[in-house]
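Protein chains: 2
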Amino acid sequence: MDLREKTLRKKNIFTGNIINVRVDTVELPNGREATREVVEHPGAVTVVALTPERELLLVRQHRYPIGQDTLELPAGKLDAGEAPEVCAIRELEEETGYRARQVEFLGKFYTSPGFCNEIMYLYRAADLEEREQRCDEDEFVQVVKLPLEKAVAKVYSGEIVDGKSIVGILWAAGA
Amino acid sequence: MDLREKTLRKKNIFTGNIINVRVDTVELPNGREATREVVEHPGAVTVVALTPERELLLVRQHRYPIGQDTLELPAGKLDAGEAPEVCAIRELEEETGYRARQVEFLGKFYTSPGFCNEIMYLYRAADLEEREQRCDEDEFVQVVKLPLEKAVAKVYSGEIVDGKSIVGILWAAGA
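Here the protein sequences line up with chains S and A, keeping their order. If you number the first sequence the way the numbering used here does, the last residue is 183 and the count never jumps. If you number the second sequence the way the numbering used here does, the last residue is 183 and the count never jumps.
These are calculated hints, taken from the structure and not from any lab test. Wrong hints could be hidden among the right ones.
[As the list claims (entries may be wrong)] Lysine to aspartate or glutamate pairs mimicking DMTMM-like chemistry, simulated, CA-CA at most 25 Å apart:
id	chain 1	residue 1	chain 2	residue 2
1	A	Lys85	S	Asp32
2	S	Lys85	A	Glu35
3	A	Lys18	A	Glu35
4	A	Lys162	S	Asp77
5	S	Lys116	A	Glu157
6	A	Lys162	S	Glu41
7	A	Lys19	S	Asp77
8	S	Lys18	S	Glu48
9	A	Lys116	S	Glu41
10	S	Lys14	A	Glu90
11	A	Lys85	S	Glu41
12	S	Lys116	S	Glu63
13	S	Lys85	S	Asp135
14	A	Lys19	A	Glu48
[To be verified] From the structure, some residues in chain A lie toward chain S, with a derived Cβ separation under 8 Å:
id	residue
15	Asn125
16	Cys143
17	Val151
[Stated by the list, open to error] So the derived list for chain S, only partly shown, Cβ under 10 Å to chain A, looks like this:
id	residue
18	Glu48
19	Glu138
20	Gln141
21	Leu156
All C-beta atoms, glycine included, are put in the ideal place defined by N, C-alpha and C.
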């Protein structure tokens with residue numbers, strides 16, 4: 009069975025700094041019409057990085073939409089036209105102060121494909137050199153270092169609740 | 009350092025069937041103002057379910073926002089006021105035709121907390137009884153059964169690209 013949905017009409021609802029929102033009308037496989045709410049996102053990267061001391065780099069920051077501080081892997085949105093690998097190196101250094109001389113692509117996934125096109129590129133960074141954390145002026149991020157197995161334990165205990173970070177930590181622990 | 013952001017104003021942008029969108033003005037820890045684009049979502053469940061034959065239940069469906077068919081764990085949005093555990097049993101049966109006599113809460117996570125409050129409750133379902141798939145009239149879902157280790161392989165090979173499904177599969181494989 010062909011599961012595809014054919015776009016009949018697109019309606020732009022909102023153009024923001026980070027996301028855009030559309031409501032499209034589609035034709036379903038059974039010929040009926042339906043609407044699809046779509047959040048457009050530029051895509052992002054997540055980085056699994058171990059320091060020379062074999063500690064995983066994490067960042068603690070406030071996540072306004074969920075009203076809590078979270079412990080996450082370093083991550084960030086792609087700038088326009090930016091290659092994911094370049095973004096991974098840039099975001100890691102901005103958020104943690106560590107520059108990676110090596111990055112390895114692990115995989116990519118969609119954070120919530122039912123309503124959003126956000127794609128997440130997952131990298132492992134190695135051969136790190138400590139420089140200086142230099143977040144954007146309005147970005148507030150605290151660096152936390154943990155052995156990978158302690159980060160895995162914080163996934164299973166519920167202390168790490170960010171989906172992309174859980175993917176990255178379990179992926180790196182199992183690969 | 010207190011990382012919290014204080015809400016100064018909320019502006020409703022869009023009220024949809026699945027999501028709502030707001031743009032809030034917040035006060036940052038440094039006293040400056042910034043805007044936050046927020047997608048409101050009702051929350052959802054994802055279910056790791058093994059059949060009596062020890063096969064993992066997956067579903068193939070079209071995901072319009074990313075323009076592809078995906079192989080995912082059974083999942084679905086919470087109805088208003090619905091307990092996640094009840095939703096897990098309901099969605100598993102609707103999408104796969106299997107009724108779970110036992111469900112175990114594994115954990116919860118946020119799919120993209122930078123701009124969205126979607127929370128995902130992860131369950132393991134056991135003691136399954138085969139009944140009848142009964143999707144909504146406009147829902148098109150194909151059931152796929154795989155040994156858990158084959159699903160893990162499809163994560164690492166890039167064939168499974170849905171974030172919540174990757175979390176569920178790696179979580180179940182490692183726990």
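Hint by hint, work out which the structure violates, then give me just those numbers in ascending order. The structure breaks hints 4, 6, 9, 10, 16, 17, 19, 20, 21; every other hint is satisfied.
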